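Colleague: Okay, here's what each chain looks like letter by letter:
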Amino acid sequence: GQQLNQSPQSMFIQEGEDVSMNCTSSSIFNTWLWYKQDPGEGPVLLIALYKAGELTSNGRLTAQFGITRKDSFLNISASIPSDVGIYFCAGQLSSGGSNYKLTFGKGTLLTVNP
Amino acid sequence: GAGVSQSPSNKVTEKGKDVELRCDPISGHTALYWYRQSLGQGLEFLIYFQGNSAPDKSGLPSDRFSAERTGGSVSTLTIQRTQQEDSAVYLCASSFTGAPLFFGSGTQLSVL
Chain R
1 GQQLNQSPQS
11 MFIQEGEDVS
21 MNCTSSSIFN
31 TWLWYKQDPG
41 EGPVLLIALY
51 KAGELTSNGR
61 LTAQFGITRK
71 DSFLNISASI
81 PSDVGIYFCA
91 GQLSSGGSNY
101 KLTFGKGTLL
111 TVNP
Chain W
1 GAGVSQSPSN
11 KVTEKGKDVE
21 LRCDPISGHT
31 ALYWYRQSLG
41 QGLEFLIYFQ
51 GNSAPDKSGL
61 PSDRFSAERT
71 GGSVSTLTIQ
81 RTQQEDSAVY
91 LCASSFTGAP
101 LFFGSGTQLS
111 VL
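Top to bottom, those sequences are chains R and W. Going by the working numbering, the first residue of the first sequence is number 1, and it counts up by one from there. Going by the working numbering, the first residue of the second sequence is number 1, and it counts up by one from there.
One chain only, chain R, in its complex shape (with noise of 0.2 Å):
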């Protein structure tokens, strides 16, 4: 089956410092999705990209596609305490039928040390 591959697992950075993490994938697939979750709550949507190349900002959040469709990245700029969580990648397949589904990897851990 498909599977992604996101690192790193974890985290641990100084409040102000910028940070990067990313997916891989073997398959191909439509839609990258990128969320964060907070313990005791779901995911939440933070960025969706939907065309291979597209780069998409949303505040100190920035998330590109890559041109392959098989990865795509997260940057976090000037981080601050409350960006604390597990950031999950997932890829959606949207052609029809059952490929609606979303396959996720298995996470990202963020500490931010104020």
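Worth flagging that the hints you see were computed from the coordinates, not collected in a lab. A quick note: this is a predicted structure, and the numbers were derived from the prediction, not measured. Take these hints with a grain of salt, some might be off.
Computed from the model, here is a short list of chain R residues facing chain W with C-beta under 10 Å [stated by the list, open to error]:
| hint | residue |
| --- | --- |
| 1 | ALA48 |
| 2 | LEU55 |
| 3 | THR103 |
All C-beta atoms in this analysis are idealised placements derived from N, C-alpha and C, irrespective of residue type, glycine included.
Position chain W against the provided structure of chain R, taking the given hints into account.
Modeller: Only chain W this time, still in chain R's reference frame:
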């Protein structure tokens, strides 16, 4: 409601008992998904409903797991004869067709 609602938020049960988990999707969303998240792991797909189409059950781990979606809205995930390895957070999500998924807060299931 404004978001995906799941109940109960926590469920503790004894091994061998049956449990039912409920999901109320966002109004108007045609697609509904169940995922399972074990401690420190990513999200594992279980089942997907889309409108009146036959559900994609390819992620259900065993025949003890089943789900239904009544009237194209509320969904129930049932686990029969629960085992300790079923302990996890069960997450429900909904979306418009092909659009990003929006998740509920999950049900934390603990099987003793």
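Colleague: Identify every previously stated hint that the structure contradicts and give their numbers, smallest first.
Modeller: Failing hint: just 2.
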